[in-house]
Amino acid sequence: MRNNPFIQTTELQEQEMLAAIGARSLDELFSEQIPPSLLTSEAGSLPSPCGELELVRRLKDLASQCKSATDVVSFLGGGCYDHFIPAAVDHIANRSEFLTAYTPYQPEASQGALQAFFEYQTLMARLYAMDVSNASLYDGASALGEAVFLALSVHPDRKRVILPFTLHPHYREVVRSYVQHLDVEVVEIEHRGGVTDCEKLKEVAANEAAAVVSVQPNFFGCLEDVDAFSDAARRANAVFIAVADPLSLGLLKPPGEYGADVAVGEGQPLGLRTYLGGESLGIFTCRWDYLRRMPGRLVGLTRDREGKRGYVLTLQTREQHIRREKATSNICTNHAHNALRATIFLSLVGPQGLRAIARKCARNLALFKSWIASESADAVAFRQPAFRETVIRLNTNANVVCEKLLERGFFAGIPLEILGPAYEDLLLVAVTEKRTDAEIKSFVKALREFLA
Amino acid sequence: MASDFGKADVPTLFEESVEGRVGVSLFEEDENTDSLLENVVPQCFRRSLPLGLPELSELQVMRHFIRLSNRTLGVDTTFYPLGSCTMKYNPKVNELTAADERFLYTHPFQPQRTLQGILKICFELCQWLGELTGLRGVSLQPAAGAHGEFTALLIAKAYFRERGESQRTQVLVPDTAHGTNPASAARCGFVPVAIKSKNGKVDLDELQRHIGEKTACLMITNPNTLGLFEDAICEISHRVHEAGGLVYLDGANFNAMVGRVRPSDFGADLMHINLHKTFSVPHGSGGPGAGPICVREELAKYLPVPILSCRDGFYYLEYDRPHSVGRVRSFLGNIPNVVRAYTYIAQLGYEGLCEVSGFAVLHANYLLHLLSSSFDVPYGARCMHEFVIDGSRQKKFGVKALDIAKKLLDYGYHPPTTYFPLIVPEALMVEPTETENKETLESFANAMIEISNIAETHPEEITDAPRTTPVSRLDELSAARNPVVVWPNV
Chain A
0 MRNNPFIQTT
10 ELQEQEMLAA
20 IGARSLDELF
30 SEQIPPSLLT
40 SEAGSLPSPC
50 GELELVRRLK
60 DLASQCKSAT
70 DVVSFLGGGC
80 YDHFIPAAVD
90 HIANRSEFLT
100 AYTPYQPEAS
110 QGALQAFFEY
120 QTLMARLYAM
130 DVSNASLYDG
140 ASALGEAVFL
150 ALSVHPDRKR
160 VILPFTLHPH
170 YREVVRSYVQ
180 HLDVEVVEIE
190 HRGGVTDCEK
200 LKEVAANEAA
210 AVVSVQPNFF
220 GCLEDVDAFS
230 DAARRANAVF
240 IAVADPLSLG
250 LLKPPGEYGA
260 DVAVGEGQPL
270 GLRTYLGGES
280 LGIFTCRWDY
290 LRRMPGRLVG
300 LTRDREGKRG
310 YVLTLQTREQ
320 HIRREKATSN
330 ICTNHAHNAL
340 RATIFLSLVG
350 PQGLRAIARK
360 CARNLALFKS
370 WIASESADAV
380 AFRQPAFRET
390 VIRLNTNANV
400 VCEKLLERGF
410 FAGIPLEILG
420 PAYEDLLLVA
430 VTEKRTDAEI
440 KSFVKALREF
450 LA
Chain B
0 MASDFGKADV
10 PTLFEESVEG
20 RVGVSLFEED
30 ENTDSLLENV
40 VPQCFRRSLP
50 LGLPELSELQ
60 VMRHFIRLSN
70 RTLGVDTTFY
80 PLGSCTMKYN
90 PKVNELTAAD
100 ERFLYTHPFQ
110 PQRTLQGILK
120 ICFELCQWLG
130 ELTGLRGVSL
140 QPAAGAHGEF
150 TALLIAKAYF
160 RERGESQRTQ
170 VLVPDTAHGT
180 NPASAARCGF
190 VPVAIKSKNG
200 KVDLDELQRH
210 IGEKTACLMI
220 TNPNTLGLFE
230 DAICEISHRV
240 HEAGGLVYLD
250 GANFNAMVGR
260 VRPSDFGADL
270 MHINLHKTFS
280 VPHGSGGPGA
290 GPICVREELA
300 KYLPVPILSC
310 RDGFYYLEYD
320 RPHSVGRVRS
330 FLGNIPNVVR
340 AYTYIAQLGY
350 EGLCEVSGFA
360 VLHANYLLHL
370 LSSSFDVPYG
380 ARCMHEFVID
390 GSRQKKFGVK
400 ALDIAKKLLD
410 YGYHPPTTYF
420 PLIVPEALMV
430 EPTETENKET
440 LESFANAMIE
450 ISNIAETHPE
460 EITDAPRTTP
470 VSRLDELSAA
480 RNPVVVWPNV
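Protein chains in written order, with numbering that gives the first Met the number 0: chain A, 0 to 451; chain B, 0 to 489.
Keep in mind that the hints were calculated from the coordinates and are not lab data.
Mixed in with the good hints there might be a few duds.
Said to hold, decoys possible - Here are the computed lysine to aspartate or glutamate pairs in the DMTMM-like style, where the Cα-Cα straight-line distance is at most 25 Å:
no.	chain 1	residue 1	chain 2	residue 2
1	A	440	B	27
2	A	403	A	377
3	A	59	A	41
4	B	399	A	303
5	A	307	B	15
6	B	195	B	161
7	B	399	A	70
8	B	437	A	70
9	A	307	B	29
10	A	440	B	37
11	A	307	B	463
12	B	119	A	53
13	A	433	B	29
14	B	6	A	305
15	A	325	B	174
16	B	119	A	41
17	A	444	B	29
Just need the whole structure built from these sequences, with the hints factored in.
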């Protein structure tokens, strides 16, 4: 008896199949085709088999060695947020058919998935007020990397990409990684009081920029003067790439309203879990003119032989499996299932729900900032308009404060030392719609002794 | 109303929308909201355009997506022998363990002492992948196979830059390779050079002609996309190394040899692994997968930051890596899939993994044997985990590989990969995986043989297929000529 539930072939069937193909054993199938010196049977550090009962116990034990936002009141954000997810999202997304299918290469067998991705594209285009969206990329940071490649393909003779320092540091790092082998200069524009220095931006962008990147809200939660970015890009005739948080668009001006050529974002707030930052969705939208330069899968509407409506993967000549080295991107597998979750999430919350969640985030942040300000006027690091997130100045190193607040049941926020030693007394605090007034109040109280 | 639910058209979310309907109960807005919002988000920052999202009830949303799921075939629905994609069964216990609330709601910026369990999973998975490949430097960051290729090639680039060998601009790619290989090479600023194969394998003479001072890497898929093990792989690697180049292994076909062959032993220096192929992560209708990379120890210093480390039993993220190529995405990687793959390896153990490759190869050979009397078999009677048959015999009757694929849908099967690799004209690339049973392989073979027989007598029955799916054959040409990629705004 085989004790492997995922091998259905019985020992008798194994013998029958071996006889039919004229082989004596499984091992012989390998030794016939592979030089014997390459065959190994050393387990090394690999584990021994484990039954399901014990397996579940073991994983449960590992999970118990973690704390999460279910145990601790979380004020963590920084590109990964604890937002409300309606129960029906899991219920639908866990349907086996969606989970165990692959990229819909055979459209007649995949109309459901294709229609869902077509709907996703439509939802993203509308949310960002852009003409078109692809069917997803990996995450917001790599979506920006792709957008920068698009800009460089539009302006092959230009060698500069302009980023605000207030962009999420991971996004800035990814852009640098993505272009490290090219003769491209990545210029970061400093901030003043939490928002980008727009005078500086204008000056730098004017000089042969291929792309100007804006971000809304920025890494500090502050709202940028996106029109200034738009102007700077327009004047330089550069591709204007807007990074925007999709949930904030329930309240904030969408990239299409301020002239973006390409708009990207991280879709995690739309029904995805924080999962150590590992449940991500790269949103990529653009103007119609750039449709054929887009990276990734794209679903289009068509008809079958009887004239019935149907969906197919389209404009595939952009893609690697057809165009190989001349493709617009190397992407193949994308983040389809996470896009599906976002589609279900937006279908459930609708326009009223998205607006309500965004307003609640902003309202909770306003409440938090006003309570902090009433404790200490100096503790609000940046007095700019903001969304969901803000920076608090402390009287000591922020890591120390986070450890202390953890003992009192809070994930206090992100110590901004990650931006450099000058930021070591700054803490980035996110206040989503899930935080109650009582939680915010007790958090402010716990922070009191550490405020600058 | 049609009774066959799978076939009935499903209107789009936007057509189903009814003004004033809500799908979720949220919160009453507090009275002070407007005044609080005045300061934090002044009017000039606010949206003026409508959101354009549909207004639907929860029940409407449920029915909409359940109907869509009924119009989607997955591995849980039927046999899905899509070559090079390793559509194996996805164990449900992996879904259970990956859905633990303590994992779901962890945050990447939590203090690391509150993340020990999940960091241990990441760390041990790195070790296990290192053990299976013999390449001990591992990063879980890449989000998919192609992302892994790109990241590994950035590493190769950094390696040559540091050695002062920036003249190495070429990446050799055999003509059987996946399209992502040349695309990833081009992305990294390399020039891909196609190497013609001979009898389905890399032609050593042809390779020799292209190897030289400009060679940065050979990107090789082994077993290759014809399902053949490159038995000269040691010699191939040797020649690339002699010339100062690196050998990159595309790990898409790792399921063929997991547990039995360590790629480092045949000279691979860098590779990616698709957790969604070999390690049973569900494909999710096209992702998210995960494409961890494994590299030789001397290349490990170039891996993306951060990497996972362990000191005195404490798991932590290490950022101080001056030679690193940097980040290739935000945070750490597709962690839910890391937990799934970890669960899979922990359950099967080393012995189970050897059974995986063993039965993957047995099933492919058995199916190839069943099909070989009715279809042209261009590359012999033995294969690894997948094989390619050629529909040229059927094409004489006017039935193309595409038609055979579509007809299979009427038999209830997902078709194999078609027209790939490009060197076989009417290619049907079949990968049955270890998780299917003998009965399924035989029924599938019978369907294929029947299709071949019908092709000879009534070819129109095949070219007219599919007939049982929700839609008949779709007009892909006009979709591309006149693209409609969003539902129009009213």
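Structure versus earlier hints - violations, ascending order: 3, 6, 7, 8 and 9
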